[in-house]
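There are 2 protein chains.
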Amino acid sequence: MRHDGPVTTRTPLSDLSADELAARLTEVRADYDALHKRGLDLDLTRGKPGADQLDLSNGLLALPSSYRDRSGADIRNYGGLDGLTEMREIFADLLGVDVSAVVCGGNSSLTMMYQVVTALLLKGGPDSPRPWSQEPVVKFVCPVPGYDRHFTMMAELGIEMVTVPMNADGPDVAAVRALVADDPSVKGMWIVPTYANPTGAVCSTEVAAELMAMPTAAPDFRILWDNAYAVHHLTDEETKSADALGLAAASEHPNRPIMFASTSKITFAGAGVAALAASPENKAWYIQRLSFASIGPDKVNHLRHVEFFKDADGVRAHMRQHRDLIAPKFAAVEDALAARLGGLGIAEWTAPTGGYFVNLDVLDGTASRVVDLAKDAGIALTPAGSAFPHGEDPNDRNIRLAPTFPSLGEVETAMAGVAVCVELAALEKLTADAEA
Amino acid sequence: MRHDGPVTTRTPLSDLSADELAARLTEVRADYDALHKRGLDLDLTRGKPGADQLDLSNGLLALPSSYRDRSGADIRNYGGLDGLTEMREIFADLLGVDVSAVVCGGNSSLTMMYQVVTALLLKGGPDSPRPWSQEPVVKFVCPVPGYDRHFTMMAELGIEMVTVPMNADGPDVAAVRALVADDPSVKGMWIVPTYANPTGAVCSTEVAAELMAMPTAAPDFRILWDNAYAVHHLTDEETKSADALGLAAASEHPNRPIMFASTSKITFAGAGVAALAASPENKAWYIQRLSFASIGPDKVNHLRHVEFFKDADGVRAHMRQHRDLIAPKFAAVEDALAARLGGLGIAEWTAPTGGYFVNLDVLDGTASRVVDLAKDAGIALTPAGSAFPHGEDPNDRNIRLAPTFPSLGEVETAMAGVAVCVELAALEKLTADAEA
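Sequence order for the protein chains is A and B. Just so you know, we're using my numbering here: the first sequence kicks off at 1 and counts up by one. Just so you know, we're using my numbering here: the second sequence kicks off at 437 and counts up by one.
Note that these hints are calculated values from the structure, not bench results. Treat the hints with care, as some may be off.
[What the hints assert, rightly or not] Going by beta-carbon spacing under 8 angstroms, a handful of chain B positions derived as facing chain A:
1) Tyr468
2) Glu596
3) Met597
4) Asp812
[Said to hold, decoys possible] Not close to chain B: a few residues of chain A, all C-beta gaps over 10 angstroms, as computed:
5) Ala34
6) Pro136
7) Asn167
8) Leu247
9) Thr431
Ideal placement from N, C-alpha and C gives every residue a C-beta, glycine not left out.
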């Protein structure tokens, strides 16, 4: 999936002579100056849906038309910690799990993840020898590049992060195995299994099976399976997520995975419905913890979503409308990068088949410079290193591009500018290296 | 406020002879048998709004009519950790605080309380020497009787509870002072300041001022000021809550109180808006913690409420409609208890001027028996002792009555039955005592 643009007759920059590099640097500086003069104000930083995507769900604003669930219960009142059954059924279908495994919550799966981690720290899980906060050290395996909010949560809560590479078929299993086999302080692992943030990688069933089966020194090892983009396809190839709960149960580690998802990038980013799915023991544990902090989720919002979608197929049809709106933006990213950088040997980028991001790897040591150049030219990019723990990319090469929020025209303009910055930063480095 | 029913010519049961007691016991047993035969199925357990109360807010179901806030921002998307400004303004007005102090969150103030306590445990507050979880012991002062969910949260999180009496004007300040002055492990205190759960007591400004000013051994002492019933008046005397934040700032303990409220018993119990208000330092600390767990609250629900109420006066007018529906139920409780128990000297109960509960104190040692008798007769009461830490009422005399959810007719029937149970349990005890 990672590639280098179309076949091209361009000469890789590394094959250029010092004089040729210097000449090219002069040209690209001129391009950058022209870019800078345009006084742009564009933002590719965050994976937010565009206004046209949000418009797809405006029908929600006047719903629900009723305040009773299928059983006749009044959903305006307190109660029902695990959420509206009809909403749980939709998530169960989308996630490929039994409805009994599902809890529907508030508007944020990130909040549910935080609840789980803090509960593990303060109380421990069903199979923990003690609360994690009583361990001398707690570590989590973090595939990189990964989701910045997973990593900032770990840092906030004092959990050490150990990294493994994120491959095209999921985390590097051998690297994970090596970390978890003998060290009981390695208590868990993050993964975005489908259309990962930011690489777009999809965890294969084989990799998922190994992760669920591998021996771990910690008896209460948890894989936080953040399936944020389970149904967020960008092509006809509508990838099915690996059956994490089923694989874990089959290898006698039923409590290992805890699955998360939400409608944040399906309906309204700020007003959707989040869900968690887990083994019977994990679910009972989670609901028990939750019972001390809540008298039930917003079931009116659950019913609003149920009326809007009817069923999981309603969600799938809705996601195809999202795809129609955002696939052209991803194509624009591809086109802009290929047009300027193809064949130069200074950048690789992904062509994701789903999700919200394009992962751009530039010449080692230049990502920060690219982001700075872009910023000075009025193009906001996610800070270099964001996809790594503590914001530290050891190679300073990774940049996450989020093309959904700006308009198509803005994406085109911004990405043409980003390509200039990538080339300029590379030429600066290569000419400096040549001089050294 | 606590009283013993109307002036009556009845003889207190304690003045009856053994023979008279035995005769009366026989009569009341017959009443109870008749009650039992009715096969009732009534529930006075939880402080839930009735369906007619929820109906008052059905206008919310078709709102909002827009998805832009006053500034033009798209409230469907992520962002705005402290909530919609217009919603914060309404809470600021209702709570008598500056809008800058207010954070609006999800559907549950209990969840915000839990977030605050867990954050104090895992991170400590702005003025904490260390995270509370690293202290050998953490204790909270709990006025009793109090709110069961405060106490179960403490037990869940391993925080020890030390009790003080809840008086008619708030917690017994001398008792609180004695607990907090020298013991740095006493880190906080719960209070429901207005129309307290379950006694209906209102914390006076004098008591509030003393609580905010008193010396505490812990430098990071917190008063969790759960103003759940701030605007839930039952009479024309619309009590104004003490200005906790202002009093605390004036006595140079600005970070001591953290205020909580919600619209759970204003609009929809399960789908309202919760709020927190605190000093600038506490608010920044809370928002910082929240930023690791959320990308913003459900601002669509905030706007829905803003459109529905327009402003704080809209809320106040709405609360008068609630009062019209529930004040007769509180009157029915009073009438039933006075009719059967007045003058017998075996029960005291409150006549609250706001809130959701009537506090019934029966003859010492008989509350559990009353609840069991009622249960057998098909009347569900909150378990005896619920209003005390660990569910243990040292005198076994306290029963919390919640009359809002059942219909008026059901309240009348249930409370007539409860009064029989109170008298029967008292007679059982008095006759047994007389024999002993």
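Hint check:
1. Tyr468: Given a least distance of 31 angstroms, the restraint on B/Tyr468 is violated.
2. Glu596: violated, 15 angstroms
3. Met597: violated, 14 angstroms
4. Asp812: At about 25 angstroms, which exceeds the 8 angstroms cut-off, the nearest Cβ of chain A leaves the hint on B/Asp812 violated.
5. Ala34: Since the minimum Cβ distance to chain B is about 33 angstroms, A/Ala34 lies beyond 10 angstroms and the statement holds.
6. Pro136: Non-interface label on A/Pro136 holds, nearest chain B Cβ at 13 angstroms vs cutoff 10 angstroms.
7. Asn167: holds, 28 angstroms
8. Leu247: Non-interface label stands for A/Leu247: nearest chain B Cβ at 28 angstroms, farther than 10 angstroms.
9. Thr431: holds, 41 angstroms
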